[in-house]
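Here is what each chain is made of, one letter per residue.
There are 4 protein chains.
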Amino acid sequence: MSDSYDNAPLAARMTEHVPHAHALGMTLISVGEGRGSMRVEWREDLVGDPDTGVIASGVVTALIDHTCGLAINAAFATPAPIATLDLRIDYLRPAAPRAGVTCEAFGYKTTRSIGFVRAEAWDVDRGDLIATAQAAFMLNPRG
Amino acid sequence: MSDSYDNAPLAARMTEHVPHAHALGMTLISVGEGRGSMRVEWREDLVGDPDTGVIASGVVTALIDHTCGLAINAAFATPAPIATLDLRIDYLRPAAPRAGVTCEAFGYKTTRSIGFVRAEAWDVDRGDLIATAQAAFMLNPRG
Amino acid sequence: MSDSYDNAPLAARMTEHVPHAHALGMTLISVGEGRGSMRVEWREDLVGDPDTGVIASGVVTALIDHTCGLAINAAFATPAPIATLDLRIDYLRPAAPRAGVTCEAFGYKTTRSIGFVRAEAWDVDRGDLIATAQAAFMLNPRG
Amino acid sequence: MSDSYDNAPLAARMTEHVPHAHALGMTLISVGEGRGSMRVEWREDLVGDPDTGVIASGVVTALIDHTCGLAINAAFATPAPIATLDLRIDYLRPAAPRAGVTCEAFGYKTTRSIGFVRAEAWDVDRGDLIATAQAAFMLNPRG
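Protein chains in written order, with my numbering: chain A, 1 to 143; chain B, 1 to 143; chain C, 1 to 143; chain D, 1 to 143.
Next comes chain A alone, as it looks inside the complex:
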């Protein structure tokens, strides 16, 4: 987390003011310039298949989508209008039973009009991912 980066307003905006982020209990782990990390704790009502106790893939999707948005927002000192262009997620394996999920996203390239973000999600071990993602955002789409 960058010291010179005041993330309090962004953190509040990304967790409290977004209804499905709030409903899923997403919490912000860290945010820095062009990167961010968020987490969903395991909860019984987030399970997709009661037989396995594994968090639903839709919850992972929402977490990744939201963390990518956090990272691209965190690329700008002042909030700028952005529009998601595309999002692609590869699901490598299901999460472990009764495990929460953490996602980290970082902007790896910004041109004048497009920002590119990559994200990774894992349950227990950062080195054993459950999903990877790439997203592109249009910057200043109304400009």
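To be clear, the hints were calculated from the coordinates, so they are not data collected in a lab.
Quick reminder that beta carbons are idealized off the backbone N, C-alpha and C, glycines included.
One side only, chain C facing chain D, incomplete, derived with CB under 7 Å:
1) His20
2) Ala23
3) Ser57
4) Gly58
5) Thr61
6) Ala62
7) Asp65
8) His66
9) Asp86
10) Arg88
11) Asp90
12) Tyr91
Chain A is already provided as a structure; the job is to place chains B, C and D on it using the hints.
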């Protein structure tokens, strides 16, 4: 909607028993063999940017993700274990202010081990899409 | 094919002047406003696995990539600078042994700065696809 | 490059015996367990737009596609039948004028039935990419 297809259990499973689907107010429009349609009505608390009154892109993502799962589930007479392999969404334009979003997904190809789904989402006019998507699912992943 | 659309220069540019298109023997089937179709005939030296006699997936990739570029070029009466943003291909099944491949692509949405294209490829029967694709292009990237 | 990994047959198969790889002048830089690197030198006849002297994006696509296949093939000591499931490429910027392109791909996850590969392509500086890609392959598709 197929007459011979009893969708009541699937419909209940896809709307009431999934917490974020429930939180976003997703409703099932129709389901048939290998296809399904769901909708999110506009609500003030689903808006991403108060200045525009447009539904958040994360809500569109969740709707598409869920409708793709509905379509692949609807491809089987008896519930089968599936696992999402990948999901890709192109966001063509923002939804209109104060407009809800409808998504329709259909399975266009099933092999022995993989099911492929396409989806489209629109706000007012089915012919003027706001997003398109493709997803792949592994069938019987534990088999 | 549109009557009012003079495709001769574009056709020549897309087949003769592009070395790998030429090397693979790509031929133009048709071109119209915002759409185009190209084909690769089966040839022994394009086969990926001699045991099966099936055209290599890399040839299918190149054909789809090129046909998407044709479609987006065909969206403009006068040639405009474009830049590919992304390309995604789903391979549904291998082509049939000793079968050529046809691809059709069409632009389904153009905003001020982005053009979206979809493509389908098949071997024998247009209704039984071997691959689907989506691509996005930035229009006037230097503007 | 792994010492214990005999890459000579694979290298020959990936460069000489594949017609469009050969036509584009692809050369193998290195190959190891689950990873590989290939390169295309700049040539006037590979240029997309004579005004810029930049290598055509279709050449970059072909190089990435081929290098991903190399990496997944290199994951097995004995050649195994594989089938490409999907390929996604993000083009970050055009290559520099009169610059060749290098691509490195590595398999980052293999399950019983699916292999996942990531790739990066650059022109001059490995830290300043021109394209990133992800691909999935079905392993032993006929098994």
